[in-house]
Amino acid sequence: MAAPRAFVWTRRVVLTALTAFALVPVYVMLSSSLKSLGEVQGRFDWIPHALTLRPYVDIWHTVPLARYFVNSLLVSGSSMLCSVAVAIFAAYAVSRYRFRGRRLFTITVLSTQMFPGILFLLPLFLLYVNIGNATGIALYGSRGGLILTYLTFSLPFSIWMLAGYFDSIPRDLDEAALTDGCGPLGALFRVVIPAAVPGIVAVGVYAFMTAWGEVLFASVMTNDTTRTLAVGLEGYATQNDVYWNQVMAASLVVSVPVVAGFLLLQRYLVAGLTAGAVK
Amino acid sequence: MTAILERRPPGGTADRPPRGTLRSRLRPRRGALPYLLLVPALVLELLVHLIPMVVGVVMSFKQLTQFFIRDWGSAPWTGLGNYRVAVDFHAAIGSALLHSFWVTCAFTVLSVGLSWLLGTAAAVLTQDPFRGRGLLRGVFLVPYALPVYAAVITWAFMFQQDNGLVNHVLHDQLHLTSGRPFWLIGPHSFVALLTVSVWRNWPFAFLCLTAGLQNIPRELYEAAAMDGAGIWQRVRRITLPSLRPVNQVLVLVLFLWTFNDFNTPYVLFGGSAPPAADLVSIHIYQSSFVNWNFGSGSAMSVLLLLFLLLVTAGYLVATRGRDTDG
Chain U
1 MAAPRAFVWT RRVVLTALTA FALVPVYVML SSSLKSLGEV QGRFDWIPHA LTLRPYVDIW
61 HTVPLARYFV NSLLVSGSSM LCSVAVAIFA AYAVSRYRFR GRRLFTITVL STQMFPGILF
121 LLPLFLLYVN IGNATGIALY GSRGGLILTY LTFSLPFSIW MLAGYFDSIP RDLDEAALTD
181 GCGPLGALFR VVIPAAVPGI VAVGVYAFMT AWGEVLFASV MTNDTTRTLA VGLEGYATQN
241 DVYWNQVMAA SLVVSVPVVA GFLLLQRYLV AGLTAGAVK
Chain P
1 MTAILERRPP GGTADRPPRG TLRSRLRPRR GALPYLLLVP ALVLELLVHL IPMVVGVVMS
61 FKQLTQFFIR DWGSAPWTGL GNYRVAVDFH AAIGSALLHS FWVTCAFTVL SVGLSWLLGT
121 AAAVLTQDPF RGRGLLRGVF LVPYALPVYA AVITWAFMFQ QDNGLVNHVL HDQLHLTSGR
181 PFWLIGPHSF VALLTVSVWR NWPFAFLCLT AGLQNIPREL YEAAAMDGAG IWQRVRRITL
241 PSLRPVNQVL VLVLFLWTFN DFNTPYVLFG GSAPPAADLV SIHIYQSSFV NWNFGSGSAM
301 SVLLLLFLLL VTAGYLVATR GRDTDG
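Residue numbers (full-length UniProt numbering), protein chains in the order written: chain U, 1 to 279; chain P, 1 to 326.
These are calculated hints, taken from the structure and not from any lab test.
Keep in mind that the hints are not guaranteed to be accurate.
Unchecked claim - One side of the interface only, derived from the structure: several residues of chain U facing chain P at Cβ under 10 Å:
| hint | residue |
| --- | --- |
| 1 | 11 |
| 2 | 14 |
| 3 | 25 |
| 4 | 32 |
| 5 | 34 |
| 6 | 53 |
| 7 | 57 |
| 8 | 81 |
| 9 | 83 |
| 10 | 131 |
| 11 | 184 |
| 12 | 201 |
| 13 | 214 |
| 14 | 262 |
Computed from a predicted model, the values in this text were never measured in an experiment.
Even glycine gets a Cβ: it sits at the ideal position worked out from N, Cα and C.
So that you can see chain U by itself, here it is in the shape it has in the complex (with noise of 0.2 Å):
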């Protein structure tokens, strides 16, 4: 099917606008990152006049960027695991079962994605604080109470996605395993999550993107210690100047590891959006 002329413009024209709008700041990002701070702080120009890598030297000495990026990294990989497995249980239950409160249950879970953030921030900050004083688990300023919150932001589109991405698998699958001698749980971990893992892979990508870009209640939850990146970007700007080839620097080295993964997993979640979600 060759396509006529017309429609080859069109495409090429179109495609070439849109990739311009989605890289431009990601040049802008990598080239700033290059320059010295008096060139940030001229006009701007798109070519760097003198090259420098000082930014990617100074960035880890003006703010802890190392501390905030281990704790990224420890609150937004638990969050994912824990999200993913939380999710495959309450998928597996949707997906193959048909039990009361059912529809009750998926309407309730999705439709807490429609709550404002703002709504549930004070009440969520006292709760984990009379928590602390109740029982010494401490939830507000630790880690642990950020990991609990960003689980539950991903969770409702993590179920949905891999109860329809359940959906797909045919079922004679799982009732074979349970012919054979498995468990429900059995069928569920010898066949079910197998033949699942696309949808898992894109189900964790998205748990794992949530929590590393979430600013609103990484702002409120945290303390000096536990503050992520999110918050700690912030730092580069004082009161008289802001750092702008650092910043640029640091929005660089927390972006490249998201990125990178996002990139190389993005057909699972191409994958699982086309059996999960989209039908």
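Keeping the supplied structure of chain U fixed, place chain P upon it in accordance with the hints.
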């Protein structure tokens, strides 16, 4: 994948018999199992979302100022007082909220519309294979993959009045503007916020629609081509109608995310948004944490939630009705 499936069950049965009998005794009744599987998810949702939300609703009926923050239970009840203040559009607080609401509505409609348009265009134009398509798909997803604060802070740099890229291009290179406008304060801030929001959201639309396109059977296109339909006709007659179920969910999700968006304005404007770009979520954040009036902030959040529930319900009813007609 099938190799794994065929390999696993026999390997599992080898060590099965002794454990299998034990498990069948301990295994909960079929009726209880789905509930047990849901317990972790339910407990977490209750703890982090539902209970705090109920507390939030209770707080909206209290006069919760900074004097009571240590022991919020002792704050006096005000009944509907906070709500009355929030919807008194002649007074300062109410009229500011109403203004913020309209700004958010305009912002959301434009942002969702444009994001959807760009996402659809990109998805439809990359449907047929061509050289470099895989790379292009990766590139398009970059804005979505970047952490929001890193991306938005870059935009904030680009929108700087004296040393930003936007004024350099518009003023120095294209000579479109007479002066160097401010983008992050004043009336232009709406455009700045909209640009960043569309930039962040269209890749998500693209991703969902690309996935949706893969579910359209190829035979449909082949049959249409056989009938002599041109490429534009195929897009209009097959592609777009087939995407309707995807669009139904996609537009709703984009709407809710955009309407509730806090991160983008918070990072772009550094905490307090200028009036022209004063989105509701940041407006409520301001009136809660800056003015230290959490009762009033909660009342505004509840109103926001009610509005979103209403729109969502209306949207679902409207789109469902159309589905059965078509």
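Tested hints:
About 5 Å separates the beta-carbon of residue 11 of chain U from the nearest beta-carbon of chain P, less than 10 Å, and the hint is met. Using the Cβ-Cβ criterion of 10 Å, the hint placing residue 14 of chain U at the interface with chain P is satisfied: the shortest such distance is roughly 6 Å. Among the interface hints, the one on residue 25 of chain U holds; its C-beta lies about 5 Å from the nearest C-beta in chain P, closer than the 10 Å criterion. Hint status for residue 32 of chain U: holds, given a least beta-carbon distance of 7 Å to chain P, under 10 Å.
About 14 Å separates the beta-carbon of residue 34 of chain U from the nearest beta-carbon of chain P, more than 10 Å, and the hint is not met. For residue 53 of chain U, the shortest C-beta to C-beta distance to chain P is roughly 19 Å, which exceeds 10 Å, and the interface hint is violated. Because the smallest distance between the Cβ of residue 57 of chain U and any Cβ of chain P comes to about 19 Å, over 10 Å, the interface hint for this residue is violated. Interface restraint check: residue 81 of chain U against chain P, minimum CB-CB distance 13 Å, threshold 10 Å, status violated.
Annotation: interface hint on residue 83 of chain U holds; nearest CB of chain P at approximately 9 Å, less than 10 Å. Because the closest C-beta pair between residue 131 of chain U and chain P is about 9 Å apart, less than 10 Å, the hint holds. For residue 184 of chain U, the interface hint holds, since its Cβ comes within 10 Å of a Cβ in chain P; the closest pair sits about 6 Å apart. For residue 201 of chain U, the suggested interface contact is broken, since its CB lies about 13 Å from the closest CB of chain P, more than 10 Å.
Interface restraint check: residue 214 of chain U against chain P, minimum CB-CB distance 7 Å, threshold 10 Å, status holds. Interface restraint check: residue 262 of chain U against chain P, minimum CB-CB distance 4 Å, threshold 10 Å, status holds.
Checked against the numbered hints given earlier, this structure breaks hints 5, 6, 7, 8 and 12; the rest are met.
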